[in-house]
Amino acid sequence: MKRRTFIASAIGAIGGISACAWSGNDRLHSGAALAFGTTISISVVHDDADLAQRAIADGLMAAQAVDRLMSIYNPASQVYLLNRDGMVLRPDARLLEVLKQAAQLSQMSDGAFDVTVQPLWRLYSESAARGGLPSVAERRRAQALVGWRQLEIDDAIIRFRRPDMALTLNGLAQGYAADQALAAIQAHGIRHALLDTGEFVARGRKSRRHPWILGVRDPRDAGALAATLYAQGCSVATSGDYECTFTPDYRHHHIFDPTAGDSPDELASVTVLAPNALLADGLSTAFMVMGWDRASALAAKLPAIDLMSIDKQGREKRSAGFPSDV
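FYI, in our numbering the residues of the sequence shown are -17 to 308.
No lab work stands behind these hints, which were simulated from the structure alone. Worth double-checking, as some hints may not be accurate.
Unchecked claim - BS3-like, lysine-lysine: derived pairs with alpha carbons at most 27 Å apart:
id	residue 1	residue 2
1	Lys283	Lys299
2	Lys283	Lys82
3	Lys294	Lys283
With the hints as extra help, turn the sequences into a complete structure.
Below, the structure written as structure tokens:
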């Protein structure tokens, strides 16, 4: 579904329990599950192995529940039903929360973030399957179906105001899943954790002497890192032009500028640090569309938001508060 753009070098053994001495009986415990078409994982530090594993299981289940609710592919999900029927009655409170946040992101980004770009993604995917790109007329028809203000969001009903619209929560669901998983493990008293749902949440530390460490991949070399960061008390998300491409030159990809009906052409990737993963996830998409100048100006107005961008020529820029490399 989305961006496996970090290497979580501190995450430990996938799917099992690993030990890392901290103090007393504290150990690092890890678990993994499938969601969003990939492997998600949680690592926690605690002295009670049974409690740690219960917390991990609850966190993974919380993330999987978000996937089931918001998948565009699962016929049982409310997003699937909304795209099929144009409306969904008695929407789940979690879906309402995410869509209301989406509307706020659209407002603050002047429409750069828009969950209704799914018709454009569908058009480009179908055209790529035929070995080409859509015509100008096809693009304009799809673009006419995009518009976040045409999505009615109410506690009793969510519906499109125009026929044939569709949405995707690919720019929010994984971040929200990380936040939901964090709440689930914190309910068990867990204070030190690293969560990976495709977006990352870090709380506390891996050990007394070692913080959690994340690596940002180079957008043009999957085996190389563009940055290596200490992650403490923050959420981190990256959007890039390399995860789902329609042309080998990375010009056309899965992120769309609603005003152009095509992919933005300035940046190759954007990494965002934010207080929660939902916001980091959404802003990383919005900033890809906005480009460095507009993105950095918006970030400067928002509390605890920092970003690093890499443009198509490989040039890197960081906001003043973005951490330096480890």
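Tell me the numbers of any earlier hints that the structure contravenes, in ascending order. Result: no hint breaks.
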